[in-house]
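2 protein chains.
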Amino acid sequence: MARALIQMALDSLDFNDTVGLATQVAPHVDILEIGTPCIKHNGVRLVQELRRKFPNNLILVDLKTMDAGEYEAAPFYAAGGDICTVLGVSGNATMAGVVKAANANNSEAQIDLINVPNKAQCAREAAKMGAQIVGVHTGLDAQAAGQTPFADLQSIAALNLPVRISVAGGINQSTVQQVVQAGAGIVVVGAAIYSAPSPGDAAREIRQLVEAA
Amino acid sequence: MARALIQMALDSLDFNDTVGLATQVAPHVDILEIGTPCIKHNGVRLVQELRRKFPNNLILVDLKTMDAGEYEAAPFYAAGGDICTVLGVSGNATMAGVVKAANANNSEAQIDLINVPNKAQCAREAAKMGAQIVGVHTGLDAQAAGQTPFADLQSIAALNLPVRISVAGGINQSTVQQVVQAGAGIVVVGAAIYSAPSPGDAAREIRQLVEAA
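Read top to bottom, the protein sequences are chains A and B.
For the first sequence, the numbering used here gives the first residue as 40, with consecutive numbering after it.
For the second sequence, the numbering used here gives the first residue as 40, with consecutive numbering after it.
Bear in mind the hints are in silico, worked out from the structure with no lab data behind them.
Take these hints with a grain of salt, some might be off.
Since the list gives no way to pick one copy over another, a pair counts as held whenever it fits inside one copy or between any two copies.
Claimed, not checked - List time: in silico SDA-like cross-link candidates among lysine to any residue, alpha-carbon distance up to 20 angstroms:
1. K158 / G119
2. K139 / Q220
3. K139 / A184
4. K167 / R84
5. K139 / L52
6. K139 / P236
7. K158 / A231
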């Protein structure tokens with residue numbers, strides 16, 4: 040099995056802070072994620088800037104698209120996004136639109152299972168329509184209520200679908216190896232890196248833990 | 040009953056085209072809506088620009104927030120947004136976060152019922168937590184599949200909740216009066232105005248129809 044990829048969630052709203060944090064962590068992570076509040080705040084020019092500055096990282100735009108899938112996502116792929124996300128709760132037509140936009144750009148679409156009532160069924164639909172990644176995701180508001188993504192990861196991994204599984208929701212140094220061993224192809228780390236005294240050192244530590252898992 | 044407000048959906052992606060269309064329709068509509076793809080594409084500076092240029096219109100930012108409600112919405116209220124939207128499928132914690140941000144800015148929160156399985160229950164929760172507007176919304180992808188918002192409007196209006204009901208989904212000159220008579224406090228019009236030969240004339244026609252309804 041290929042080594043799991045590490046995705047850094049850039050959750051700031053500020054354009055320059057986001058670029059600065061990306062600069063600190065880029066050597067140690069695979070994917071730079073522009074978080075949903077951040078992309079809504081800054082717009083597509085932030086994708087263009089990160090694309091220009093970080094040619095060796097993948098860029099994920101966490102659009103969480105809910106409607107007008109192809110129309111919304113296409114310009115973010117054109118701007119240099121490698122992966123865009125679409126909500127599973129949006130329904131098949133919207134998901135298919137983002138998959139279409141991804142394929143037209145030789146890029147990838149991620150179906151976010153956040154708040155999907157029947158996650159296994161949605162993951163199967165996602166695989167069937169050609170999405171490359173399924174995201175098991177406990178949101179920030181749900182984390183604040185004590186929820187974690189670990190049980191969902193196990194049930195989705197057990198389906199053995201031809202997709203990579205991305206896992207997000209409070210992953211840190213003490214849980215990242217468990218997540219990789221449970222079948223995550225992409226581990227998303229946010230606060231455990233950006234709230235550390237040295238985000239670069241924290242990202243390097245996460246990388247060492249993933250490589251040893 | 041107060042006259043229903045008219046909301047113009049600005050669905051372009053281009054910054055200048057959006058400002059140009061807003062200029063044509065602003066005298067004839069109450070609310071200028073920055074559509075979801077448009078806000079993701081352009082970021083908060085578009086809110087600031089419309090706020091500056093159109094002091095006599097309300098500005099709705101169609102964030103369709105799915106997580107981190109207060110964090111995501113607060114800066115858009117601070118930038119001059121009068122109404123931000125949050126998805127009903129996000130759950131109560133996220134909705135409450137946007138309501139909190141709205142109240143902190145003497146502004147309004149709209150709960151979007153798009154794809155919510157139990158719309159009546161969600162509308163009741165929205166009213167209970169102090170949201171000012173509930174949105175009955177058939178998305179563009181669902182419209183392409185032939186769906187309309189009219190049945191949902193009737194069932195939500197029958198609840199007699201202390202909220203205004205906003206209705207969106209393919210409303211045009213031939214349906215706008217029916218929507219107002221069925222209880223809509225806000226009617227959202229998009230393509231019927233922006234695809235018309237003269238968007239300004241189309242907006243004026245919509246206004247005459249709403250006033251006569």
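These are the hints, each one checked on the structure:
Neither within a single protomer nor between protomers do K158 and G119 lie at most 20 angstroms apart by alpha-carbon distance, with minima of 29 angstroms and 38 angstroms respectively. Proximity of K139 and Q220 under a CA criterion of 20 angstroms is satisfied in neither setting, with 31 angstroms inside one chain copy and 40 angstroms between copies. When the C-alpha separation of K139 and A184 is checked against a cutoff of 20 angstroms, the pair qualifies only between copies, where the shortest distance is 17 angstroms, while the shortest distance within a copy is 35 angstroms. For the homomeric pair K167 and R84, neither the shortest alpha-carbon distance inside one copy (33 angstroms) nor that between copies (39 angstroms) is at most 20 angstroms.
Only between protomers do K139 and L52 lie at most 20 angstroms apart by alpha-carbon distance; the minimum there is 19 angstroms, versus 29 angstroms within a single protomer. Proximity of K139 to P236 under the C-alpha cut-off of 20 angstroms is found in neither arrangement, the shortest distances being 41 angstroms within a copy and 31 angstroms between copies. For a Cα distance limit of 20 angstroms, the shortest separation of K158 from A231 qualifies neither inside one copy, at 26 angstroms, nor across copies, at 37 angstroms.
In this structure, the hints that do not hold are numbers 1, 2, 4, 6 and 7, in rising order.
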